[in-house]
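Novice: What follows is the residue order along each chain.
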Amino acid sequence: MNKRLADAALNAAKSAGASYADVRIGRYLNQSVFTREKQVQNIANGESLGAGVRVLANGTWGFAATNQLNEQGLAKAAQLAVQIAKANSKVQKEPVKLAPQKGFGEVSWKTPIQQNAFEVPVAQKVELLLAANAKALDNGANFVNSALFQVNEQKYFATTDGSYINQDVHRIWPTFSVTAVDRASGKFKTREALSAPMGLGYEYMVPKAQDKIAGPADTGLIGYKNSYDILEDAALAAKQAKGKLTATSVTPGKYDLVLDPNHLGLTIHESVGHPLELDRVLGYEANYAGTSFATLDWRKQGKPYGSKLVNIVADKLQPGSLGAVGYDDEGVKTKEWDLIKDGKLVDYQKIRDQAHIVGQNESDGCCYADSWDSVQFQRMPNVSLRPGAQKLSVDDMVKNVDKGIYIAGRGSYSIDQQRYNFQFGGTVFYAIEKGKITGQIEDVAYQANTLEFWNSCAAICDQSDYRLFGSFFDGKGQPSQVSAVSHGSATTRFNGVNVINTARKV
Amino acid sequence: MAILSRDEAQSILKKVLSFTTADECEATLNGTNGGNIRTARNTVSTAGAVDNISLAVEARFGKRSGVATCNQFDDATLRRCVQRAEEVARLAPESPEYVPLLGAQQYLTAPSFAQSTAGITPDYRASQALAGIKLCDQKKLSSASFLEDESGFIAKRNNKGLEAYQQFTNLDFSVTVRTPDGLGSGYAAGDFTDISKFDAGRMTQIAADKAAASVGAKAIEPGKYTVILEPAALVSNTDASLLGALMNAFDARNADEGRSFLSKKGGGNKKGEKLFDERVTIYSDPTSADIPGLVFAGDGRPRQKTTWIEKGVVKNLYSSRFWAQKAGIPDIPGPSGFIMAGGTASTADLIKSTQKGILVTRLWYIRPVDPQTLLYTGLTRDGTFYIENGKIKHPVKNFRFNESPIIMLNNLEAIGRPVRLGGNFVPPLKIRDFTFTSLSDAV
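Protein sequences, first through last, are from chains A and B. Take the first sequence: its position 400, counted from the start at 1, is 400 in our numbering, and no numbers get skipped. When you read off a place in the second sequence, starting at 1, and then add 506, the result is the number in our numbering.
Be aware that a few hints might be false.
Stated by the list, open to error - Example chain B residues on the side facing chain A (calculated, C-beta under 10 Å, incomplete): (1) 619; (2) 632; (3) 649; (4) 681; (5) 877; (6) 885; (7) 887; (8) 900; (9) 904; (10) 943.
Simulated from the structure, these hints should not be mistaken for lab results. Every residue, glycine too, gets a C-beta built ideally from N, C-alpha and C.
So that you can see chain B by itself, here it is in the shape it has in the complex (with noise of 0.2 Å):
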């Protein structure tokens, strides 16, 4: 039952919208029908399927809002649903910050969806964990890998002629070899929207790759040093990262109340200044071919391309509609993943532009330290290498650092070619001055 058509959908909707006796009313339907598996230790070790829908019900009296939720689906929970939110509602008090919902809007239409994708069943997702373990079984290695697939859509409708459908798919896979004497790890990771690109044994061999030359690790004084950041060591599809926290402190709101990086000494933002590297763009299109996102927002906004940072100068700043309408600044919904612009050289020709340096294939566990300068901290993971006249000489014990994406993005020495990961497209970086702290005895 999860994937509902568009008339399906609102159908649905429309009949929520019915119980409504409140001024505004909205409705969103979230379904997804996805499954998974998990493998440890070359075998599988738990393994799912999940088919559900959720509706989420906002009712407003005037300036006053609630919001109830439920996934079931007969009149009479429906209409519970609505009572619910009418009553949380009514009992609210007036919000300041009311704005109206939202009409009609015009949506872009994205390549979100593949049906290769929407039809993968448990044999399918079998067959690819066993395409990794057979290979690490070959080479005498253990690996950890998880498959997850869904296929989904939402759909939204509210009592002021707004509706809006999308359809998705989404396949995600990563998978982290290491050596019987726990010496060496390895990591890929990727995800996809047509899983005719997908292949489990050609990233569990990258991994594998990396688990045995990661083997015998020398340790070398933390310090400042130049670093290849490979994409999973600056965006991650199941942790915090470095670009992806940049990207997250872009609200106008805080920055114009003077809790963000981008908060003006004496009052206002930084938009317009050049904060980091001229070569630095990093942009958002729904509709990219690469990673294809949704096309509207939470709210009901269109998204639509839009440039965040260009040359290195920020050009637009993500807000609430109250704060754009306070504001008076354009109303501009946050992205759902984003693409940095990059080049054509792959990680090996930064390794061999590479006079000293360290590659980094993973960050991890990286939290804030000091959201004022955005300063992080986290460590390296599944394969740090030391280069030395660009060829990696040797692997190095893992480091902490200490490093803010904003230094970062100003000590660039080169981009490479972007490839898409937790959702985003963004390349691997040359860094120079990049910050490790301590050093770690993980493998």
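The shape of chain A in the complex, shown without the other chains (with noise of 0.2 Å):
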């Protein structure tokens, strides 16, 4: 069925005069539970179901979308995109250039999930949510909110390459903000759950001994690799948000910062996934996103990102990873290549319409729609930094410090639209004196230059402490689009950033 329909759109845009024509047709399915404290706030399921047929036509992309899923509906859609690319190949100057693909002919890739959850009962979902804000309201909290997303891709996409794909992509996110509340000084505090969005089935919410990572002595934290222990998280961030109302407000300074994964993946996110992207360093997102300092010019000079501990890897492969598929939306098969080696910029991400710019026939297969009725673009994969070659436990980091301060967990972040100067919060911090953690503080963040920042990282823990932390609503592109993406990394060591405290009086 999804065949005849995906021709019928092929055919109708060749013979409106497309040159090359792709089609998706997509049944997105999704479900979100929200909880607060003892009662549920809403359970929502959500299906939706279309086409967006993409065509080149002199030279110009033209896309047009429809929910009419039958054989009229997607020739419709095929033409109107045929028309939308001719009207606007008067404005364009240059036709599109695309890397050849060849076709793959029928072929299908699955999550490798253990457990669908949506096939779990809603019931079990609900009670484990609320368990999580027991467990955090045993534990002094006074407020709490948890929430479980999940979401099935079921996508058939094909061209005039030869192509006809079927993927069934899933991903999962459970997460909780818990609140504690001094009315008598009026303030309040909040920590942020400790997991990560994964590419995993509802696995991820069965808590296994091996997939937890002891985090610093002293702080009660626990890292979770690919599945994760909701109750026991909730528990301690009770501890922790109660913690904040009388921690230490941190003293403004340079300091070495250690920067757990479930923190670091964002920082990694920002200043090194979003400034390799080809399409912002050639000025394509400069009305929105912004564009990026690493241009490359700026690549041929030669000087490091980073220092030479600093190796990036993009991949689509990472078992469990947010990126992870076997080909993307314009069908071609997923790889992993390196960004950044040994400090240096060696490549960016890029797609089938932009290898040839920088001298490439090839496109990385980092091409993502996040629905049918959205165009593909280029989108980042999974950035991961390679973790240390040598041995290297996150105690062994702390001991080594003299003035620092041990960041967990997002927070606030920000950068410029250039990507050079940014300011990164943290859900919970440590000051770290002479070797050892000696107790909660707040108020910190880091601001910092892009490329300082990364110069001044000093050491990264081994593959033992390696651990994913993913964005399930990264936003790119105009209109506007969200995509979900893993940064893997190790517990990473970074000297003297400058912390700035953020306490005011209103």
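Reconstruct the complex from the two isolated chains, following the hints.
Specialist: Shown next, in the form of structure tokens:
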């Protein structure tokens, strides 16, 4: 049935004058469960079905989408896409050049999940979230909101190159926010979950001992790999949220930062992932997300992006990651490639119509659209910091820090439109003095320049500490689209970073 | 198919409701028919058209509730959608925050639909894009722009007698113009219900002038400065914003629960307290000709003209129906867009009256730092200029700021003439002691 519909679109596009066409017939399922304290706030099941047709006519892109899933509806969308392409070709300066791509015939790929989250009864999910809320409340939280997001993208993709690709992609994200309030002083503080959104099934919700990594001594923190213990984390979150109410306010100045993977992932995302998107580098995102300092000319100068320890790799393959798929949304088989090697920028992220610009003849396979009604474009693959080659535990890393701060979890994050100046917070902060964690501190944010920051990278823990952070809703493009992406790393140390105090009086 | 008339929409909704066995059931249809064109490097990059209607069904058994959505309208799919909502509802625990669905309501009428916008064609979009590109080609500047239009409707019906319908149109346009050496950048943006008021060429000209004028920026020390914040530095259609963040914090429950800047020490909230300069008045009015809004909220409550801040005093907070009943407070839904009362001064007038200060075209990547004080951080972008003796003296390098809209609206020096942006209607503001904390190399 899908093949017949796809062919109807491809044939209509060709008859209308398209030199290339692809069609994505998508069924997008999502389920979200929201709770607070002892009650359910909302349970929603979403299902969206439709098709998007992308064409090249007169060397110009055109796209149209429809929820009329019959041969006539798809043919009409294809004709509209060609009409748009032709209208816009009057504005086009240079025809689009696509990197060659062979057709794969009829192939399929599925996220290797163990338990489909959509088949788990809602009651079981509600019970788990309410149990987590109870743990937080029992441990002193005043409020707790928790949620479970599940996504299943069923995509059938066909091109005039001769590919018919069927993919079944799964993602899951449990999260919560715990709030502690001190009515007398009027203060309130929150601590966010230390889970990560993952490309996994419901197995992520079933904690396994082998997936837990102890954080630094005296913090009680646990890092989670391929499964998450929401009850354990909620209990700790409540204690830490209360701790934040009475924690010492940080003294601004230079500190050595020890960054947990669940925090560092967002810093990698913002200061390496985005600046190395080739469309940004070339100016295609100038009107929204911005451009990049890491231009082709900057790369030629050969200046170090980071210290020699910094090796950053892009991939769409890592099992359990949000980026993992078999083929991207323009039918390219996915792969792994280096972005930064021994501190030097070696490559960007690119898709079929960009490869020729950097003298390459192959896409990196990182094209994505967030729905059947969105046009596919270059999106960030997983971008990860390789762990250190030498054996190094978190406790051994902390031992060597004289004056530092340990940061876990995501907090406030802001970076300029060319990715130079950033300011990041976190969800929980610990002071490190003379090699020892001395207690929680608050009001911490670090302000740095991307290149200074990565060049201050002084030590990276080994593979045993490596795990994924994820972002479920990375925004880019106009109309804005979301994308889910993972960032792997091990705990990492950065020396002499500028820390500001964010407390104010109003 | 996407734009259904009131009768067509209600007839689908009636059918949906006929399929349910739930105690209470509410169905909502949301349809859009729209298109977009995107340009960069003075050429078109991507463009598209979308035609979609989605249905959301909420089913309730007693105090149990479930929601399901779909976007296909054959009877089998509609039945399945209702069944999925009912299944979820049966499995859900009873909600202690249950409030019965609303019955029949009276709604205002808003001038939210314009036939001119509903009739946009691919050729119209291409011609607007071309106007901006031609201008930048001539001036040897590089433009990136985005035009998106939609006409749409929302229709709602439930088995308690509620029936609602509204049509709307909107066109959003934004353009960033950069100099070829990458040393200058300018921006302009706006949104329109009726496209007869829209001219891409005129807006591109503003961005082009800012780009040319911003080349050769000098670094000045971060610190506290008098600033003139243009509307794109106060609200946004793409990003968080300082005034948007302030209005998002007007939730009564968060305030009553002690986790808002509107929470009172020891309990309660700050409604009735003067928290801002007496010239600050912010209200919403869905019938405004300048910025028409949606006349009903997501749960079907009618939206009326509501004053949030009057002469610096917090007048109203919005809340859920549950919280309004529990706390015994007025049942007011949140606004769809807000209006900040202004004066008649243009940005140029505000510059003329400034001895020393900084003109900020736009703030960007704005993120919360501390919800307690509404402290936000972000950066200036696309045209930042030093003002001396009533004149723009030279462009300056971009800054990172750390500032709270509460502090900002207490340090008010002057208010200009409001314009429409990001679904809101706001004036440029002159603010003293605005806090810049570091410099950015970004252009």
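Novice: Which of the numbered hints are not met once you compare them with the structure shown?
Specialist: Of the numbered hints given earlier, those the structure breaks are 1 and 8, listed in rising order.
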